[in-house]
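Chains as they are written, first to last, in this note's numbering: chain A, 396 to 872; chain B, 592 to 686.
Keep in mind the hints are simulated off the structure, nothing from the lab. Be careful, since some hints might not be right.
Stated by the list, open to error - SDA-like mimics (lysine to any residue), calculated; alpha carbons at most 25 Å apart, straight line:
1. A:K427 to B:P646
2. A:K483 to B:P646
3. B:K627 to A:R665
4. A:K474 to B:L647
5. B:K683 to A:K629
6. A:K483 to B:I670
7. A:K629 to A:G584
8. A:K456 to B:K627
9. A:K474 to B:E676
10. B:K657 to A:L574
11. B:K683 to A:G584
12. A:K808 to B:R654
13. B:K683 to A:N591
14. A:K474 to B:Q651
15. A:K483 to B:V681
16. A:K483 to B:M592
17. B:K601 to A:Q640
18. A:K456 to B:R654
19. A:K524 to B:K683
20. B:K683 to A:G484
21. B:K601 to A:N475
22. A:K524 to B:A671
23. A:K427 to B:E676
As the list claims (entries may be wrong) - To be clear about the criterion: a stretch of chain A counts as covered by chain B if any three or more of its residues have a C-beta under 8 Å from a C-beta of chain B, and this derived list gives those stretches:
24. 438-450
25. 790-799
Nothing here was measured: the structure is a model prediction, and the numbers come from that model. Where a beta carbon is used, it is the ideal one built from N, C-alpha and C, also for glycine.
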Amino acid sequence: MQWETVIGLEIHAQLSTKTKIFSGASTAYGAKPNTQACAVDLGLPGVLPVLNQEVVRMAVKFGMAIEAEIADYSVFARKNYFYPDLPKGYQISQMDHPIVGIGHLDIEVGDQTKRIGVTRAHLEEDAGKSLHESFHGSTGIDLNRAGTPLLEIVSEPDMRSAKEAVAYMRKIHELVQYLEISDGNMQEGSFRCDVNISLRPKGQTEYGTRAELKNINSFKFVEKAIFTEVERQKEILEAGGSITQETRLYDADKDETRSMRSKEEANDYRYFPDPDLLPVYISSELRAQVKAELPELPEAKKQRFLNEYKLEAEAANNLASSRPLADYFEALVKTSGCTAKTCSNWVSVELSGALNKKNLSITQSPISAERLAQLLQRIADNTISGKIAKQVFEAMWSNNDSADTIIETKGLKQITDSGAIEAIIDKIIADNQGQVEQYLSGKDKVFGFFVGQTMKASQGKANPAEVNKILKEKLKR
Amino acid sequence: MSLTTDDVNKIAYLARLGINAKDTASYTENLSDMLKLVEQMSSIDTDNVTPMAHPLDTIQRLRPDKIIEDNQRDHFQSIAPQTEEGLYLVPKVLD
Chain A
396 MQWETVIGLE IHAQLSTKTK IFSGASTAYG AKPNTQACAV DLGLPGVLPV LNQEVVRMAV
456 KFGMAIEAEI ADYSVFARKN YFYPDLPKGY QISQMDHPIV GIGHLDIEVG DQTKRIGVTR
516 AHLEEDAGKS LHESFHGSTG IDLNRAGTPL LEIVSEPDMR SAKEAVAYMR KIHELVQYLE
576 ISDGNMQEGS FRCDVNISLR PKGQTEYGTR AELKNINSFK FVEKAIFTEV ERQKEILEAG
636 GSITQETRLY DADKDETRSM RSKEEANDYR YFPDPDLLPV YISSELRAQV KAELPELPEA
696 KKQRFLNEYK LEAEAANNLA SSRPLADYFE ALVKTSGCTA KTCSNWVSVE LSGALNKKNL
756 SITQSPISAE RLAQLLQRIA DNTISGKIAK QVFEAMWSNN DSADTIIETK GLKQITDSGA
816 IEAIIDKIIA DNQGQVEQYL SGKDKVFGFF VGQTMKASQG KANPAEVNKI LKEKLKR
Chain B
592 MSLTTDDVNK IAYLARLGIN AKDTASYTEN LSDMLKLVEQ MSSIDTDNVT PMAHPLDTIQ
652 RLRPDKIIED NQRDHFQSIA PQTEEGLYLV PKVLD
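With the hints as constraints, model all of the structure from the sequences given.
Shown next as C-alpha cells:
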C-alpha cells in the first residue's frame, strides 16, 4: 500500500521583549535561578497580571507578515494542569479568540513553491524549568522562565514530507527574526516545535489518526523524528493495527519516539476565559503603526536581489535569508565599487566560510562591512588581485588593521608597472628555452606554465591581465 | 444532563481534590443541579446577543515593556518549605 504522510506543526517562538508577558520581571537568559521570578510569575495570592504592550505589537506584526486576519478582540484563557514548574496550576493562553487568525506562508521545495496555511497564532506564557538531577531525590524548580512571552504558531496539516515540514519551520524561523520579534535561538529554547503526524492511504481524503511529537528544538531532529515516526506508523498500519492518538517524545540518542503516557490523563485542560484579564482590543491606530514598521520581507528582498543585482537564485536566496546578512551585502555593494556578483561571492564564500568555521553569526563577524568594503575597493582599483585579497582577508580576520595598512606593511601591492613585469618575464623566457620552443611549435598549453612562473616570481603580485598581455607579445617573437 | 459518580471522581482528580467517598453522592446531585440550571439558561434564545468574554464591559489595559521588578528571591524563598542553590525543591517528578 502507498501511504501519504500528513504533517502539521505547532511552533513556539519566544518573543524578544525585555520583560515578561504579564509582569515587569526581566526575561534575560542565563540569570541565577529564581532571581527573575517576581510575585506574579510565582502565582502568589493577590497578584494581577497586566499585559505587556510590546507582546501585542509583535503578534500583530507577525499576523501582518503572513497576511492573516487580526482579531479586533482577543481573549486570554486558563489552561489548567498540574506540574510543579507551573505555580498557578494553569497556563494563561488563548483558546477561542486568538489574536492572529488564518494566514499563510509560501515555501520552496526543490523548484516548486507551495502555500502552507497557518490556522492561527496565539499568545501565551511559558512555564518554568524542572531540574531533575542531584537534589537528594527532589526536583529543583527555576521559575525565571515562567511568564516569558510565547507566540504559538499553528499550521494547517498541509505538509506532506519531512522536507516540507523543515522548509516551513525554517521559513517561520527566518521570518520571526526578520520581524525582530524573536531571536530564534534554538539552543536557548527560544524556538521549538511540536509535530503532528498521521498517515493515510494515497488517494484517501480523510486524515488518519495522528501522533504528536513534543518539543523538538532543531531542524535536523524534526527531520529525523518525522522519518522515525512515519516508519513506526507504517509498520503498525501494514500489520493491520491502528494508531493511538497520543503525545510522544523523540529521543535523538536512540533515534526513536516513545509514548508520554503521563500526559494522557492530564490532557483535559478545562479551558475557560481568564477573569483576571479583559479582552484585548487592537485599534486601527496600532494596526497602521505596525504596518508602517513592517520591514521588507524575505521573499520581497529575494526578488529585489534577483532583479536589481542580477544574482543567481541560490545566492539571492542565501543572502536574503537573514536580515543582517542582507544588510551587510548591500552595504558592500554601495561602498566597495565592486560588482554585486563579486560582493555576493565574498559574503557567501569567504566571509560565510570563515564565520561557519568559528561558529559565528554575521552580527559577530570580526570584519565589519566597512572594513571589507575597503578591501574590495582595492580589488576594484587594481591595487591587489582577488587572490592576494584573500591573504589580506585572513590577516584582517585576526587583527583590527585596515586592508590598506595590511597591504602596505606586507608589501602586497599589485605590480602593474609593465617595465617591472617585463623584466620578470624576460628572465623566465631566458631560463626556459625548452618550453618556449614547445609553445612555438603549437603547444598552447605551455602558456599556462609561463603565467604560473611569472606569478610565482612576483609572489602573486603581478597583475594577471598585464602578465597575459606581455607574455603573448614576448612569446610571439 | 446528569453526572455520574465516575464523572465526579474524575473532576475531583483533575482539580487534585481529595473528596470523601461518602460525600460523592451528594456532590453528584449538587453538580447535576448546577448543570440543569445551565440547561435552563441555554434554552433562552440568544441569537442576537454578542457573547461577553468578561462581565466588565471594557478593554484590557496594557503596560510598557519596562523592567520594574527587583530580585526578591530571598524574601520569596523565606516562606518556601525547601530550597537549595536558589531552586525551589519539590518531591521528585519524572515524565
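Evaluation of the provided hints:
1. A:K427 to B:P646: Violated, at roughly 41 Å.
2. A:K483 to B:P646: holds, 23 Å
3. B:K627 to A:R665: Holds. K627 of chain B to R665 of chain A sits at ~19 Å (cutoff 25 Å).
4. A:K474 to B:L647: holds, 22 Å
5. B:K683 to A:K629: Status violated; Cα separation ~37 Å.
6. A:K483 to B:I670: Between K483 of chain A and I670 of chain B the Cα gap is close to 16 Å, so the pair holds against 25 Å.
7. A:K629 to A:G584: violated, 31 Å
8. A:K456 to B:K627: violated, 45 Å
9. A:K474 to B:E676: Cα-Cα ~30 Å, so violated.
10. B:K657 to A:L574: holds, 20 Å
11. B:K683 to A:G584: Between K683 of chain B and G584 of chain A the Cα gap is close to 23 Å, so the pair holds against 25 Å.
12. A:K808 to B:R654: Roughly 60 Å separates the two Cα atoms, so the pair is violated.
13. B:K683 to A:N591: violated, 30 Å
14. A:K474 to B:Q651: holds, 19 Å
15. A:K483 to B:V681: Roughly 15 Å separates the two Cα atoms, so the pair holds.
16. A:K483 to B:M592: violated, 31 Å
17. B:K601 to A:Q640: holds, 20 Å
18. A:K456 to B:R654: holds, 18 Å
19. A:K524 to B:K683: holds, 13 Å
20. B:K683 to A:G484: Status holds; Cα separation ~17 Å.
21. B:K601 to A:N475: holds, 14 Å
22. A:K524 to B:A671: Measuring from Cα to Cα gives roughly 17 Å; hence the hint holds.
23. A:K427 to B:E676: Measuring from Cα to Cα gives roughly 9 Å; hence the hint holds.
24. 438-450: Holds, because 7 residues of the segment 438-450 of chain A bring their Cβ atoms closer than 8 Å to Cβ atoms of chain B.
25. 790-799: With 0 residues in contact (Cβ-Cβ under 8 Å with chain B), the coverage given for the segment 790-799 of chain A is violated.
Comparing the model with each earlier hint shows violations of hints 1, 5, 7, 8, 9, 12, 13, 16 and 25; every other hint is respected.
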